[in-house]
Amino acid sequence: MKLRKYFNVYTKFLHTSLASELEYKTNILIDLITAILSLVGSIFLLSIFFQNNSSIGGWKFEQALIIQGIYTILNGITNTWFNPNLTEIVKHIREGTLDFVLLKPIDSQFFISLKKITPSGFLEITLGICLLLYCIKINQININFSFLTLSLITIICSICILYSLWFFISTTTIWFVKTWNATEVLRSFLYIGRFPLNSFSFSLRIFFSVFIPIAFITTIPSEVFLGLSQFWKILLEVTVTIIFIFSSRKFWLYALKFYSSASS
Amino acid sequence: MVSNLIKRKIFTLLKVQYSNMLEYRVEIALWAISGIIPFFMLNIWTNNNLNEYINISDVMLSRYFLCAFFVRQFSVVWVVFSFEEDSLTGKVSPYLIQPLNPFFRYFAQHLAEQLTRFPFALLIASFFFIFNPESIWIPNFGILFLSVISTFLSFLIQFLIQSIVACLCFWTEKASSIERLLFIPTLFLSGLLAPVVSFPEYVKSWIYLTPFPYLIDFPANLLSGNTTNISGGFCMQILWILLLFPVFKKIWSRGTKKYTAMGS
Numbered sequence: 001m002k003l004r005k006y007f008n009v010y011t012k013f014l015h016t017s018l019a020s021e022l023e024y025k026t027n028i029l030i031d032l033i034t035a036i037l038s039l040v041g042s043i044f045l046l047s048i049f050f051q052n053n054s055s056i057g058g059w060k061f062e063q064a065l066i067i068q069g070i071y072t073i074l075n076g077i078t079n080t081w082f083n084p085n086l087t088e089i090v091k092h093i094r095e096g097t098l099d100f101v102l103l104k105p106i107d108s109q110f111f112i113s114l115k116k117i118t119p120s121g122f123l124e125i126t127l128g129i130c131l132l133l134y135c136i137k138i139n140q141i142n143i144n145f146s147f148l149t150l151s152l153i154t155i156i157c158s159i160c161i162l163y164s165l166w167f168f169i170s171t172t173t174i175w176f177v178k179t180w181n182a183t184e185v186l187r188s189f190l191y192i193g194r195f196p197l198n199s200f201s202f203s204l205r206i207f208f209s210v211f212i213p214i215a216f217i218t219t220i221p222s223e224v225f226l227g228l229s230q231f232w233k234i235l236l237e238v239t240v241t242i243i244f245i246f247s248s249r250k251f252w253l254y255a256l257k258f259y260s261s262a263s264s
Numbered sequence: 001m002v003s004n005l006i007k008r009k010i011f012t013l014l015k016v017q018y019s020n021m022l023e024y025r026v027e028i029a030l031w032a033i034s035g036i037i038p039f040f041m042l043n044i045w046t047n048n049n050l051n052e053y054i055n056i057s058d059v060m061l062s063r064y065f066l067c068a069f070f071v072r073q074f075s076v077v078w079v080v081f082s083f084e085e086d087s088l089t090g091k092v093s094p095y096l097i098q099p100l101n102p103f104f105r106y107f108a109q110h111l112a113e114q115l116t117r118f119p120f121a122l123l124i125a126s127f128f129f130i131f132n133p134e135s136i137w138i139p140n141f142g143i144l145f146l147s148v149i150s151t152f153l154s155f156l157i158q159f160l161i162q163s164i165v166a167c168l169c170f171w172t173e174k175a176s177s178i179e180r181l182l183f184i185p186t187l188f189l190s191g192l193l194a195p196v197v198s199f200p201e202y203v204k205s206w207i208y209l210t211p212f213p214y215l216i217d218f219p220a221n222l223l224s225g226n227t228t229n230i231s232g233g234f235c236m237q238i239l240w241i242l243l244l245f246p247v248f249k250k251i252w253s254r255g256t257k258k259y260t261a262m263g264s
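Listed in order, the protein sequences are those of chains C and Z.
Numbering-wise, the first sequence is residues 1 to 264 according to my numbering.
Numbering-wise, the second sequence is residues 1 to 264 according to my numbering.
Don't read these hints as lab results, they were simulated from the structure.
Note that CB positions come from ideal geometry on N, CA and C, so glycine has one too.
Incorrect hints may have been included.
[What the hints assert, rightly or not] Taking lysine-lysine and the BS3-like style, the derived pairs with C-alpha atoms no more than 27 Å apart in a straight line are:
{"no.": "1", "chain 1": "C", "residue 1": "Lys-91", "chain 2": "Z", "residue 2": "Lys-91"}
{"no.": "2", "chain 1": "C", "residue 1": "Lys-233", "chain 2": "C", "residue 2": "Lys-250"}
{"no.": "3", "chain 1": "C", "residue 1": "Lys-91", "chain 2": "Z", "residue 2": "Lys-258"}
{"no.": "4", "chain 1": "C", "residue 1": "Lys-115", "chain 2": "Z", "residue 2": "Lys-9"}
{"no.": "5", "chain 1": "C", "residue 1": "Lys-12", "chain 2": "Z", "residue 2": "Lys-174"}
[As the list claims (entries may be wrong)] Here's a subset of chain C near chain Z, in silico, CB distances under 7 Å, partners left out:
{"no.": "6", "residue": "Asp-31"}
{"no.": "7", "residue": "Leu-45"}
{"no.": "8", "residue": "Ile-56"}
{"no.": "9", "residue": "Thr-87"}
{"no.": "10", "residue": "Pro-105"}
{"no.": "11", "residue": "Asp-107"}
{"no.": "12", "residue": "Phe-200"}
[Claimed, not checked] Here are some chain C residues the structure puts well away from chain Z; computed CB gaps all over 10 Å:
{"no.": "13", "residue": "Leu-3"}
{"no.": "14", "residue": "Thr-16"}
{"no.": "15", "residue": "Thr-97"}
{"no.": "16", "residue": "Ile-143"}
{"no.": "17", "residue": "Tyr-163"}
{"no.": "18", "residue": "Arg-187"}
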């Protein structure tokens, strides 16, 4: 019953935000070109790295393309859902409109995380999927049931970790008020997810698997794609995901205790 | 008399914007941190010995990326985003009545921000030197002076390009998506992620005619002491400024005629 209510509310969200986004039609076209150029640019950068080397950090060019594909999909998801919604938290807190969100008979995290949608991110997701399909072809990966389920599980886990990271950072605005660019710092760190983790030095590798788990976000799903991943890594990713989801939820509820509305 | 007045205007504007910027120090510190991508790139380059093929030693490459970081820090432009918001909310109207082109206001804002950013950038650089003590060097005064000028010219080019894009707000309301489109070639071709020398021949043949290498690659090479064509670089920077300035003037005068304030 409750699930159905949330589902209904979500369809309403979809409807309103799509309607308002489609007002700017040329924008969507420009965003499409941007998404394509951005992918071309990062493949260009990758090709510079592979100009004189056959492998980087143990990854061949064709294999590194898989990471690009997964990164593009995740970036598309970020641009479609996380970016438009979670940067809004700052606005809610600065202008005191978080009060209205909290008063609604609906979960505040649900409302804040899914209210808006930017359809142009779908183009990026599609591009990423196309690149992945191409990679499956050139890497001669044979598709079977276990491959599909494992890759689906790891990609879903990546999305959840990514979401929790964004949500964590956005939640901190309850204390700091004007830090809408904190997510920009996160974005610049996530940029590293375009490259295999093994191509970095040891200390950075540790940093990117413990503090900002980029290793879990793009590298493990790519390894699963290539059939290289050990089982414990996948298990670890699932565990990390559960920890992230729960702690970000708890953190939000904890932070709300410190929220003093606009005029109090 | 007239020059005195202009001087006073500029001085007042700078003072106001500087105090404005000092209010949000954390925000500016975060912006500074979000620019550390060049260091991650450096890590990929040196960790995989990619620089052997372009004949740049580890030390010179690390200086290059440090300088690229600095140049980027002091040539970041966001006038489109400010102008778009001001024009959507109608704040531009009172600015237009004042006997001062509103872009002077934004210009002062950027300069004040750079001033605020300077200590943070120095701090990040000192951290960099702690981890890479062998790359410490002191450029001679002449080179330092020239590279400050070339960084400023790079900032001017980007400011002019973005101002031209910002003026499109008079027609389309949402010009920031065009800026995001232009940012992609700036990111990949300016030398922020890989020095332009490392680009393949088919790109190098035309890239020096575009403004991109003069945004980061040229000032960074100059400051870090890598080989570069100094007089040619300055000529191209000035040429691009001379080309862009009349375009901006034209589009500005057309745009203000087109502008209809809210409620008219």
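Taking the hints in turn, this is what the structure says about them:
1. C/Lys-91 with Z/Lys-91: holds (18 Å)
2. C/Lys-233 with C/Lys-250: holds (26 Å)
3. C/Lys-91 with Z/Lys-258: It is violated: about 31 Å lies between the C-alpha atoms, which goes past 27 Å.
4. C/Lys-115 with Z/Lys-9: violated (45 Å)
5. C/Lys-12 with Z/Lys-174: holds (25 Å)
6. Asp-31: holds (6 Å)
7. Leu-45: Cβ of C/Leu-45 sits 6 Å from chain Z, so the hint holds.
8. Ile-56: Interface hint status for C/Ile-56: holds (5 Å vs cutoff 7 Å).
9. Thr-87: Because about 13 Å separates C/Thr-87 from the closest Cβ in chain Z, which is outside the 7 Å limit, the hint is violated.
10. Pro-105: violated (32 Å)
11. Asp-107: The hint is violated - C/Asp-107 has no Cβ within 7 Å of chain Z, the shortest such distance being about 29 Å.
12. Phe-200: holds (5 Å)
13. Leu-3: Per Cβ check, C/Leu-3 is outside 10 Å of chain Z; nearest 36 Å; holds.
14. Thr-16: holds (18 Å)
15. Thr-97: holds (16 Å)
16. Ile-143: Holds, since 31 Å exceeds 10 Å.
17. Tyr-163: Nearest chain Z Cβ is 20 Å from C/Tyr-163, so the label holds.
18. Arg-187: For C/Arg-187, whose nearest Cβ neighbour in chain Z is about 7 Å away, the distance does not exceed 10 Å, so it is violated.
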